[in-house]
Amino acid sequence: MISAGIDVGTRFVKACIVKDEALLGCAIEDVSRDIDRVIGRVYQKALDKAGISKRHVKRLVSTGYGAKLVKGKSFSMSCTHCVAKAAFVLDPEVRTVLDCGGLFITITSIDERGVFERTLSNDKCAAGSGKFLEMSAQAIEIPFSSISQYAERSKEPYLVSSNCAVFAESEVITQVNYGRENTDIIAGVLKSIAGRAATLFERIQAQDKVALAGGLATVTAFSSMFEQMTDRKTVSLPIPPQNLGAFGAGLMAQQGKPSRGGV
Amino acid sequence: MIVAGCDVGSLTAEAVIIKDSKILASKIMGVRATAEKSAICVMDLALAQAGLDYSDIDACYSTGYGRQAIPFSQKNISEISCHGMGAYWADNSIRTIVDIGGQDCKVISIDEKGLVQEFIMNDKCAAGTGRCLEVLAKALDVELHQLGPLSQKARKPISLTNKCSIFMELEVMQHVYKKRRLRDIAAGINNAVAKRVVSLSRSVPLKPGFAITGGVSKNVGVVSRMEKLLGVQFTQLSVDPQIIGALGAAIFAQKENGNHD
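As you go down the protein sequences, you meet chains D and W in turn.
Each residue of the first sequence is one higher than the one before, starting from 1 at the first, in the working numbering.
Each residue of the second sequence is one higher than the one before, starting from 1 at the first, in the working numbering.
These are computed hints drawn from the structure, not numbers from a lab.
Glycine included, each C-beta is placed from N, C-alpha and C at the ideal position.
One thing to keep in mind: the hints can contain errors.
Said to hold, decoys possible - Distance windows between CB atoms, simulated: (1) W:Gln146 with D:Ile173: 41 to 51 Å; (2) W:Lys153 with D:Glu21: 25 to 35 Å; (3) D:Ser161 with W:Arg181: 38 to 48 Å; (4) D:Gly179 with W:Gln236: 40 to 50 Å; (5) D:Asp30 with W:Ala69: 57 to 67 Å; (6) W:Lys163 with D:Gly195: 19 to 29 Å; (7) D:Asp34 with W:Lys153: 20 to 30 Å; (8) D:Asp30 with W:Glu256: 47 to 57 Å; (9) W:Glu112 with D:Lys68: 30 to 40 Å; (10) W:Lys153 with D:Lys49: 41 to 51 Å.
Working from the sequences, and respecting the hints, build out all of it.
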């Protein structure tokens, strides 16, 4: 059976086309004002990549912050459930998933049957989120995709004093004006973000194996800093970490609407 | 005697020149790369306006976020004291000053001489500052100065439940997705910022005689919402509320260096 999952996140819209437990095609695009069109376009792109026509999709499940905005869905599922499901299907030994997305950092633990146990998230403030990194990188003119390269060249990471993402942005601009290297600044920002994730991570008493999901997981310097801070190894999953939510939604669609919560 | 005050904030810099208790010149501009450059630049503009030179200034004090880096200033004074003194000088019935700047907000309680008694300040989180308004105006795709007038036309203001500016930005986007009217979203933004400042102000004694200063005081939406929430009326100051900090610095320079008030 063929199903689809669409994850309308805070920063990106992702779509995955799934057959049984395999990923056929996926697509991703920035959110914008005209969200309906973006969703439609991402869905179509994923279909094109999978070589599937829309009418063959038996079920469509949406997830993410804007799950309700997806039209023609069978149902919506919470993103924590979807990400956990995806990680567990890709690697059944995963017990903890750290999802570092645009605005939210969510830690989910699952048991050995893949059943959702509990979750923890930054619900008050965007300190330490992907947006925090994005804003800082933009302020010092480092493209998001090159963040790791810059950070690895740093000898003396700058200690960011602001916890607020908005203030951190002005803080890094000030530092550039004082002549500090942008490599040191970006390494410092990464460190502060990884520190936030690590703190949340310690609170949940995470079990091995640990999988990383979300846009921040694509930044290798972030994952290695996180590994260093928590003294853990993270597993690498065979699909891009940003697509885990949409893939999980596609997997949920395979099963049909659950009567109650649970992966 | 001619004195000057210079206030270098996080987003704007201001300079005021006073001669014999009259404002000769005042200038506001966006900050430059460093506090020093901003200070020199804005002071040059103010001097040009007054037709004076640096050598004509008898004393100059500085204040604000970048106050320590200003080469031509003899002394730096905290922006809390300067806002208190500046507002008091503009209107001596003022006892409580709400200052909402680019990077922080504070509520200051002053005595009958214009000196600070108590104050509370938020400089840890951008919510309830000008920076927050800037971020949200950008999300809404309107100019910062339009937020106030736009919100006055609102019929059904949205409500923003988050406290973090970035989360608020996301909430604003959600309302944009739902095609809510710009004016209703703008009103929601102003109300949220006003609410943050009001909740901060609860921790100082609010004595009658209210003034609002700083860049955000130019946003009529935030101001009217705060009046409603606090149940007070802000006194209209005779000078531009954005130059109050620099004005206060100049008044201190005059008090400490001259013999006439």
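We went through each hint and held it up to the structure:
{"no.": "1", "hint": "W:Gln146 with D:Ile173: 41 to 51 Å", "result": "violated, 25 Å"}
{"no.": "2", "hint": "W:Lys153 with D:Glu21: 25 to 35 Å", "result": "violated, 54 Å"}
{"no.": "3", "hint": "D:Ser161 with W:Arg181: 38 to 48 Å", "result": "holds, 39 Å"}
{"no.": "4", "hint": "D:Gly179 with W:Gln236: 40 to 50 Å", "result": "holds, 44 Å"}
{"no.": "5", "hint": "D:Asp30 with W:Ala69: 57 to 67 Å", "result": "violated, 39 Å"}
{"no.": "6", "hint": "W:Lys163 with D:Gly195: 19 to 29 Å", "result": "holds, 22 Å"}
{"no.": "7", "hint": "D:Asp34 with W:Lys153: 20 to 30 Å", "result": "holds, 24 Å"}
{"no.": "8", "hint": "D:Asp30 with W:Glu256: 47 to 57 Å", "result": "holds, 55 Å"}
{"no.": "9", "hint": "W:Glu112 with D:Lys68: 30 to 40 Å", "result": "violated, 57 Å"}
{"no.": "10", "hint": "W:Lys153 with D:Lys49: 41 to 51 Å", "result": "holds, 46 Å"}
Going through the hint list in order, the structure does not satisfy hints 1, 2, 5, 9.
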